[in-house]
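Heads up: the sequence shown at position 721 corresponds to 721 in the working numbering, and the numbers run straight through without jumps.
Any given hint could turn out to be false.
Said to hold, decoys possible - Simulated pairs of lysine to aspartate or glutamate, DMTMM-like, Cα-Cα distance not exceeding 25 Å:
#  : residue 1 : residue 2
1  : Lys-700   : Asp-744
2  : Lys-498   : Asp-640
3  : Lys-686   : Asp-696
4  : Lys-368   : Glu-394
5  : Lys-667   : Asp-696
6  : Lys-182   : Glu-413
7  : Lys-392   : Asp-466
8  : Lys-686   : Glu-616
9  : Lys-32    : Glu-616
10 : Lys-157   : Asp-202
11 : Lys-787   : Glu-848
12 : Lys-150   : Glu-99
Don't read these hints as lab results, they were simulated from the structure.
Keep in mind it's a predicted model, so treat the numbers as computed, not measured.
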Amino acid sequence: MKNLINKILSVALAAVSLGALSGCNPEPEPKKFSLQFTGYGPGYVSVNVTVPNATTVAYYISEEPESDMLDPEFLYVNTETFTTFYTDGPQQLLDYPIEEYTKYYVYLTAVLGDDLSQIYTYEFETEEFKFDQLATVVGVAPDGYKMYIKVPESVKKSQPGQPGSRAIRYTQGDLMIYNFYKSGNDDYFNLLYNGAKYVTEDTMIEYSDALNYGEAGIDVNEDGVVDGNDLAMLWNPIAPGEPVVFVAGEFEWMSEPDEYKKGGQYENRTYKVNGFSFPGGWADGYYYPCVDAAKYWLHYGKTIDEANNDDYDEETDDDSTSDENVTVPSAATKGAGIVGNVDVTSPIDQYWTGAFQKKVFRTRIPAKLDADFDVKVENLRSVDATLTITPKGEIYRYLFTVLDDGAYHQMLELLDGKTEYLQWAVTSYFSMYNFGMVEMVAETGTTSAPEVVFNLTDFFYEVASDRKFHVLITGMSGEIGSPQCFKHYTFSTPPKTKTRGPNVVVTPLPEMSSPYSAAFNVKCTSVANNKAVRCYYAANYKNDWIHKVNSSSSYTYESLGQENMFSTAELSDINSEEGYTLYIPTIDGETMRLVVVAFNDENISNGIDKYEDVTEHPSVADCVTPYAKAEDDRWNTLLDEDTLVDDWTMTATVVGGKQMKQKVAIKRRFVAGKDYPTTLPAEVLKTYQDVTEWTDEEIKGYFDEFQTVAKDYNANRLRGQNRLLIEGWIDDSQGSLTYFSPWDLFKHEKISISDVSSMFARFGPKIYLNVNRDMNGKDSLSISANKMFVSPVAQWSVPFYMAGKRAEQDDNSLLFQWSDDYGNWAGALTFPVTLSEDRNTITIHGLEYQSSKDAPAVIFYPNVVGVSEGYGGSISYVLENPIISDVVLTRGWTEPETGDDAEGEDGSGDEGEGEQTVPTRASRSASGALSPIHTPEFVKYSSKSNFYGLRKRVVMDGEVTTYEKVQENFDKFRKEHSKRIR
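Build the full structure now, drawing on both the sequences and the hints.
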């Protein structure tokens, strides 16, 4: 009866010969293709082949003789099974579900150019398959292998899921991954965190990319057919010649693991049995390794009790003893099982009392490709070089990397020091992720991969001088499994000849600055012998720089200063006689600090961090911008009399129809003796004595500065710009917008604001009520929403800004500014405000917005929105109960009889309502509100978040190949893989 194979193979497998030979083996063609059948096993027929190059064969296997298959053309047309041989040698496989006690007939022909070879036949009758090891490599392919697990009879006889029952857990990975995870762990740990993979019956497992990436196959029914379930996961692609580590061990059932002794600190709790740790919260399962725990811990000089108490914290564990009804596993002292290939570097392997085996072997090693690479190093300098890699021969694709000597030896250590594994390592998944491999492939219509030219700086953030480098290249003639060639080329960079970086002078230009733009001149004065070849800059408010640098030792002026890179044209101006003029957007009346980090041709910086006082460095400068002034400085009853100065009731409707009320106040200035004391109170002095190391004179001087800044604020932020101050806003999230005045911030023991001027920028919520004059000379009111040039409404953990929100509940559109057709800032939003004739009602109206000329006008209502900038400049918005109506202020405030309608506080800030009402210790520079938002109007690079670390973009993927960068990649790799295991 005809029995066809159901899938087409693209690779050949190697095998262990298990059967007797019989049948006809024709004489091979001399010096060409030849084949000899050598045996069989469960799921395969093994052959010994000689191939001149990659050769595809068509074959047919049946349980009955098929005379038609003796015709090569008939066989080629009618079979469904093919495979390709890339290398000479024995133990290559034809895949087929071979069963015990069955007779088979094999027919095979090879595709030799436009011709077919003669028919090769093989006839055999199978016997019982015999395995004498726990794990047996049945066959290997370029992209995978077959492993047969022989489960001990004692495990088969145990009752699954019952106390004392056993299973064989298994795991696999390449040698680099194994050594990477082995650090500090024994093999039982790797078996425990293997994705819950175990078997209780004899099983054939097949790992192969050709089957299904992400899920390897397993022959559960032992019928030779891969069932394709998830009992064997293949997370990482397998490459030809890969050194594989396969580990299998016997584990005992653990019931109710949560009841065992807890260990570990804080949230990192584990459950400990006989000194071994198991993660808490797991369901019942085969977790306990069949190991002699007493001997194991004695190896480390401990008793089991001492091991159980390691890293144990009673304060975090209310249930420190095991439940008396829990059955602790028996430690499996029934005698050693099938143990082989013990690794003496993993001590626990010596003390397994159950079955255990570790196999180290390689997948099919590719044939040698008669080709090479020419590597040329030109323009070699201490910090760079130009490399050219030219394929010599028929190389369809190649992968390469450049490693410094430290990273190279790190790779070699993961390969157990075996340089013969380097060819594979270049193609491995682990190296792709951690050592920055680059792939070059022949273009469409061609057969040879192209030459590549690159600089060392394309691979390294910083090229080390006087350092040895390694170029590793693996080439192949085709797809996976095809013949390969390998090149290892070394060279060294020379030592540096200069001792200092370029001298770049930054000069503030107050005469060229405006209220909203700080001007600086940037000039290199050492062009003759120490030219700047690369320059970066960062700008922020002076006090934000101070706060940021003082907040962490990892922040330095030089590291933070490399936020934006000057363009080639700008750099040319910097090296010119006149220098380059840079404009930075800013809030008026602020001190903007510009830091320029410059490098010469030997990658030596201008050394800002070497200065104890960075302000003395010539590449650091401050520019104070003038205050903005109103167009007319006129007397006005609203501005110069207390016409509107009072408490007011703010009312608005929020999403869902609820009407919210809030007590607010209107001021035209901060008054000494009322809004802040004229002398420093003793209790505030005591607070500063407790939380700072300042002397009493310094504290009093800080208070004097507060009074000076308050007067400056009144004159320049309020009256000088024709503004009144609204203190407070609808507190829709009950605490996030509780009002804190500048004096509240000054005296609060939990506030960490480094300077007084920041207190007057961060206090709030505050709204500036603009007093305008229309074309007819009549006064009018408005409120500006201006993220670019106005301090935020408030800024505690995140900055809050005025913005527009549509009334529709399901429409989350927010409007912060007017934009041009390209999305650039084109002006501040202005919410119209009306004042009743009796001056007892103020209404803040929504504004009309048209997204295009033909679009209908949409009303956006005034809201206060929190803006949170995350990693990489991502932005999220905090708006819990959006306002969907005009906001009305009515003169006076009546305390409600109950607290249901009063959402706000009284504004004093003396007594907080809990932690949520207390401003957090946040850096003003961390959230971007008071930092400059770089727009195309001023600079060519736009950054969403100040101090966001822009680095030079690397041209190729292989960008982190120094020892330190590999360590960073290792951390990322470990985190990524920890998500995949259980």
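Any of the earlier hints contradicted here, and which numbers? 2, 5, 7, 8 and 9
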